[in-house]
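Given chain F's structure and the hints, the job is docking chain A onto it.
2 protein chains.
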Amino acid sequence: MKKTIVTLLICLIFTGLHAQNIFSPSKNIKVTFDINKKGQPTYQVFYKNKAVVLPSTMGLSIKDAEDLTHNFEVVNTENLSFSESWQPVLGEQSSILNTYNQTRIYLNQKETNNKLNIVFKIYDEGVAFRYEFPLDNTVNYFTVSNENTQFNLTNNHEAFWIPGDYDSQEYAYNKTKISDIDNSKIDLNNGVGLKSITSQYRVQSPLMLKSSDGLYINIFEAAVVNYPIMHLDVDVNNFQFTSNLVPNALGDKAYLRTPSVSPWRTLMVSDDARDIVSSKMILNLNEPNKIEDTSWIKPMKYIGIWWEMHVGLSTWDYAGSQNAQNAGTAFGEMIPSGKHGATTENTKKYIDFAAKYGFDGVLVEGWNTGWEDWYGKWKEDVFDFTTPYPDFDIEEISKYAKSKGVKMIMHNETSGSVANYERYLDRAFTLMQTYGYPAVKTGYVGKIIPRGEFHDGQTMVNHFNFVAQRAADFKIMINSHESVRPTGYHRTYPNYIAAEAARGNEFNAWSNGNPPDHETILPFTRLLGGPMDYTPGIFEIKMNTYDSTKTEQVHTTIAKQLALYVTMYSPLQMAADLPENYQKHLDAFQFIVDVPLDWQNSIYLEAEPGEYLTVVRKDKNTERWFLGAITNKDPRKTSISLDFLTTGKKYKATLYLDGKDADWKDNPKSYQIITKEVTSKSDLKLKLAPGGGAAISFELID
Amino acid sequence: MKKTIVTLLICLIFTGLHAQNIFSPSKNIKVTFDINKKGQPTYQVFYKNKAVVLPSTMGLSIKDAEDLTHNFEVVNTENLSFSESWQPVLGEQSSILNTYNQTRIYLNQKETNNKLNIVFKIYDEGVAFRYEFPLDNTVNYFTVSNENTQFNLTNNHEAFWIPGDYDSQEYAYNKTKISDIDNSKIDLNNGVGLKSITSQYRVQSPLMLKSSDGLYINIFEAAVVNYPIMHLDVDVNNFQFTSNLVPNALGDKAYLRTPSVSPWRTLMVSDDARDIVSSKMILNLNEPNKIEDTSWIKPMKYIGIWWEMHVGLSTWDYAGSQNAQNAGTAFGEMIPSGKHGATTENTKKYIDFAAKYGFDGVLVEGWNTGWEDWYGKWKEDVFDFTTPYPDFDIEEISKYAKSKGVKMIMHNETSGSVANYERYLDRAFTLMQTYGYPAVKTGYVGKIIPRGEFHDGQTMVNHFNFVAQRAADFKIMINSHESVRPTGYHRTYPNYIAAEAARGNEFNAWSNGNPPDHETILPFTRLLGGPMDYTPGIFEIKMNTYDSTKTEQVHTTIAKQLALYVTMYSPLQMAADLPENYQKHLDAFQFIVDVPLDWQNSIYLEAEPGEYLTVVRKDKNTERWFLGAITNKDPRKTSISLDFLTTGKKYKATLYLDGKDADWKDNPKSYQIITKEVTSKSDLKLKLAPGGGAAISFELID
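Residue numbers (the UniProt record's numbering), protein chains in the order written: chain F, 1 to 702; chain A, 1 to 702.
Excised from the complex, chain F in its bound form:
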């Protein structure tokens, strides 16, 4: 357990019974809480005295009982100012400050005498509140049929949104006015395999917004535990957003008992976008670390047998058809295709490469039986998570990896059959322990079983959290793909080191891909909840390298791929391309070799959602700094002051830059590498190509 220093704990004051004003420590943010004439709890948010959220109701509808939405009176109010700093096991910074003003409002529902508390925590960069269901309620077990939390905004802001899909977040962002949010107008031929969009006017959170007068607003949630994910229904005429909880097969949203709490509903607001992108509010709103011994939780830079399947060089399944019946595999002998990726021989090749360049791990997908029949069948018993294909000698591989000082990363694709995965979970983890795999990448491609559940429902939220907990029993780290997007639970279970849960780099290999602005938006949305396994590092950018008929490509330059290792914080980072492609560009590859994954400090120098992002980070263990800068489709010039460097010290800066003629579309592989001696007084002028980036390492010169 990391030590936690509480520096300030004052002002436990019981105050009056009516409209409450609550301020952020800086006083920039004010929240006004009140009960309206119907007895509905309402709140408003102001930033520097400007309204950000107009009066918005709060509350929940309860199945077969009185709704907790109306007829309330304030019984008492309790205020608290709090500040602590705590040390994450892995993170963007070694110490995190958690400073807020808190107000707990005790509500009583007249007639029913049901109790409901609403707790506000006001941070300098935003507002969080949640519902508390006290023990002494008349209804001890209850079913939430709806949550009625409103976010009534003041104007027709610009929004970065993806559709409210209960099964997937793997969309590129739409940038429109709130009034133009409309799921019926999206091009759905976007490579997303399973879509569950049930409303035209529903978006997902984190929802990033920008007002015409320069306010950055972000609506999200934190600490989603035993509760479904919140999407947002949009009133496009009145700029109002209302919580939409993901249902189960019966239409129920959440099964709760008292005492319990809802997740935190968050609204960040600032006139500086960097306040949003650097915020640790979501993490702070989660419970502290529950794992006592965290010595085994370590960052992992890895390569893997994975991209070669995406580009069509090899197959996940042994038989190559992904159809058990065609392959004759389900009912007879398996016929190898000759293109199977996860062979002992190929794995050793990757292990050798990992060992040579100091990677921590090697991921191998398609190593186990089941891939013949895994996709799109809604089949319950696809995988047993323990049986290797005949050409994958797990014992030999794990011995070989150990002899080379490389760790293997397990892969557990579930094809959405969660019921089956849970049956095998202990066996899967035991196998990992037996063969020394410290981490597992899990996958949830396909419709969920138990049938009727969605990826984002309470059952699945519980599943993902459960897997992290169970993995901790075995000292195994989790990297979940096609999972619920994280909401900071990795503070509580730091072995849950990464998730995909957004549109990753892989979409560039076989769909219309990720537009060049994609990675400038993710830090304002998906990454607020936790690290993403985005799988950057693609050097062979155009897919026609593999197949001349293909037109797909990564929407990037090589320099931008390098910059992503800094701009997209994750303690688990893949170098996703093939070893042979790195061999062709070992000079550029050196940045991936050098970049650390765990940081003492991070400074967001420049940030504008959809436009650009520049961040510099200091290695947790050395005096090295690493800078990443990216742009969208537009070229960009900027000048970076290096005043973050230690005064009076000299550094060697190695700049991995776009080539002069670089362009994500026409010339993505053009790059240049320059070294310079710099100090804290230096400025660096950077020129980013269209869809380009820059990556810089700073090393102390003794």
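Bear in mind the hints are in silico, worked out from the structure with no lab data behind them. Among these hints, one or two may not hold up.
Each pair may be met inside one copy or between any two copies, as identical chains are not told apart.
Cross-link-like lysine-lysine pairs, in silico, PhoX-like; alpha carbons within 25 Å at most [said to hold, decoys possible]: (1) K542 <-> K660; (2) K63 <-> K195; (3) K339 <-> K637; (4) K399 <-> K195; (5) K63 <-> K377; (6) K649 <-> K377; (7) K584 <-> K649; (8) K475 <-> K650; (9) K542 <-> K633; (10) K687 <-> K542; (11) K185 <-> K404; (12) K38 <-> K584; (13) K665 <-> K349; (14) K27 <-> K175; (15) K665 <-> K348; (16) K676 <-> K665.
No experiment lies behind these values; they were computed from the predicted model shown.
Below, chain A without anything else, positioned relative to chain F:
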């Protein structure tokens, strides 16, 4: 694997393309298969040339695809006569004959070219058929939305029925004409905690019927694997029954892929009720044993800490309230009630008693945490199946039991949270293995989680079968309560030695109970599918013994309780009453001590559903015979010829009989024990009291 002798395998003949007559080996039963003008497959059944089933359609509705109900043509027909004998691991007889005539009809659906096979197996005591979905269908993965199998009977027979409840079979039987089947007329104040009856005119199978001209008819199913349970919709005016498959939350019935098969639909018919009650057809229709080493599968006679909770002497939960919140247990320290049954001390008392009287096992319920909060809450994470209450020292108990030569029987109540049980299953079984528990009683009281599933749906059928398979990995035997009623799967997984899955003896302790005819009907219904853990042996029959305000009682005499050990075949039998109650009647108790649970042979001497049953069985390992005779509420006189005994040998018969004045209501505890010397030429005259019985042991006199 028991050896299987196939004695006859002839007549693989391809015959014509239209109406087919198929006969039982005895020729008593004839089935006529045809395709009607709509291309619907139909069948009729005749018994001794008398119509039993009028033309009835067959087929299935498929979701999002052409229904497999119509437009069929016969492509080919294949006939086969088959006979084998096989040896069950445990059973009513040591060798079972499996003799039938089989016809497989290959159907093609015009236009779609979908294939469907219908396979008939005609036994001397009945008809079985099932659907086969061949590999080469156009639709490989498909969802059954309905099964349209009809059983159109000829007349308004008398029926022994319970309502078509998707979650429970724990009903007393109604005996009415088919025309009077009506779920709205049942008294539902019957102690059944969870009822899911969605149609007024739906009953469960096994459905026992009797025609006015003396035919006994039974509609059931066999080998329900990866398919929901079949209930029967009733057309009360036309005496037609149609399959009603139990749905999931989405209304879907079964998710299948080709090649696969449906369960067998069975209709037994005879003019002698004994042919039904002694039939091994259901077992024969299941796949052979899949467990290689069966040496660990053994019968178990057991006592347990269980009835004392039912009669109110002690509690399952440590805190005594079955409410975690009232007890303060969920959020603080557990406060013992002082009435907790599963204490180390109490368990040792039971172990001592078991050891003294040669019982194999001791069941202890309420040993583990979770019971504070288990009932009726639809709560997912009630039990972890591994954490004992503080007053249950599992290590000491298991050592003590071992020292006394007694085995402990585990108890895993799930409260219906199957999702959670599957997560902990390996850990639960590992605990059993660690502490030497060879068997587990599982429980499923409450609404199922995954939410929206019913006890009788495909998901739960798969769960129960999965638990048996997983248990076999650990060499553990399963006794499932509140489970799907068995359909012979214990042939395939003989470690699935018993189930409750009907209204057991416990209902007598706290509800209107089981009427005296109940145990005369069960062998014609529930027991056809497999052994039942009925928990007989209650000597202290009236509940006012424990609480003078109580009026509940077991609807029995003591002699009938003894007879049940013979009439209700099970390799797992409880002596359900308290040790102190047996101490008061050690002479009668001797029958329970003596009666074996595994048999060389069983002869049903007399049988009439709802009236009486007399069966005699020979011990598998000795020359001893045991006879059980029971009656309904009416007294009964009968004379039994002992010609089953070995000719020329002398036997000592010990008769446990109703006392002269015995009566289930007014004088249930009156019994007499008589010993006699008998031979195969003897007749025994028996007089059964109202609601009474007789139990007899025959021992060879050297």
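_Reference check for the pair K63 and K195, CA-CA at most 25 Å: within, between, both, or neither?_
Between copies only: 20 Å across chains, 28 Å inside a chain, cut-off 25 Å.
Which holds for K399 with K195 at a C-alpha limit of 25 Å: within a copy, between copies, both or neither? neither (42 Å within a copy, 56 Å between copies)
- [ ] Check K665 against K349 for me: Cα-Cα at most 25 Å, and say if that holds within a copy, between copies, both or neither.
- [x] neither (32 Å within a copy, 82 Å between copies)
(request) Measure nothing new, just compare the shortest in-copy and cross-copy C-alpha distances for K185 and K404 to 25 Å and report within, between, both or neither. (result) neither (52 Å within a copy, 75 Å between copies)
- Message: At most 25 Å between CA atoms: does that hold for K475 and K650 within a copy, between copies, both, or neither?
- Response: neither (41 Å within a copy, 69 Å between copies)
My question is about K649 and K377: at a cut-off of 25 Å on alpha-carbon distance, are they close within one copy, between copies, both, or neither? neither (61 Å within a copy, 65 Å between copies)
Notebook entry, point to check: Between K542 and K660, at a C-alpha cutoff of 25 Å, which is it: within one copy, between copies, both, or neither?
Noted result: Within. Shortest intra-copy distance 19 Å satisfies the 25 Å Cα cut-off; inter-copy 97 Å does not.
### Query
What label fits K63 with K377 when the C-alpha limit is 25 Å: within, between, both, or neither?
between (34 Å within a copy, 14 Å between copies)
With identical chains, the pair K584 and K649 could be close in the same copy or across copies; at 25 Å between alpha carbons, which is it: within, between, both, or neither?
neither (35 Å within a copy, 95 Å between copies)
* Check K542 against K633 for me: Cα-Cα at most 25 Å, and say if that holds within a copy, between copies, both or neither. => The answer is within: 17 Å in one copy meets 25 Å, while 85 Å across copies does not.
### Status of K665 relative to K676 across identical chains (alpha carbons, at most 25 Å)
neither (29 Å within a copy, 102 Å between copies)
### Message
Treating 25 Å as the Cα threshold, decide for K665 and K348: within, between, both or neither.
### Response
neither (35 Å within a copy, 79 Å between copies)
Hint compliance for this structure: hints 3, 4, 6, 7, 8, 11, 12, 13, 14, 15, 16 are broken, all remaining hints hold.
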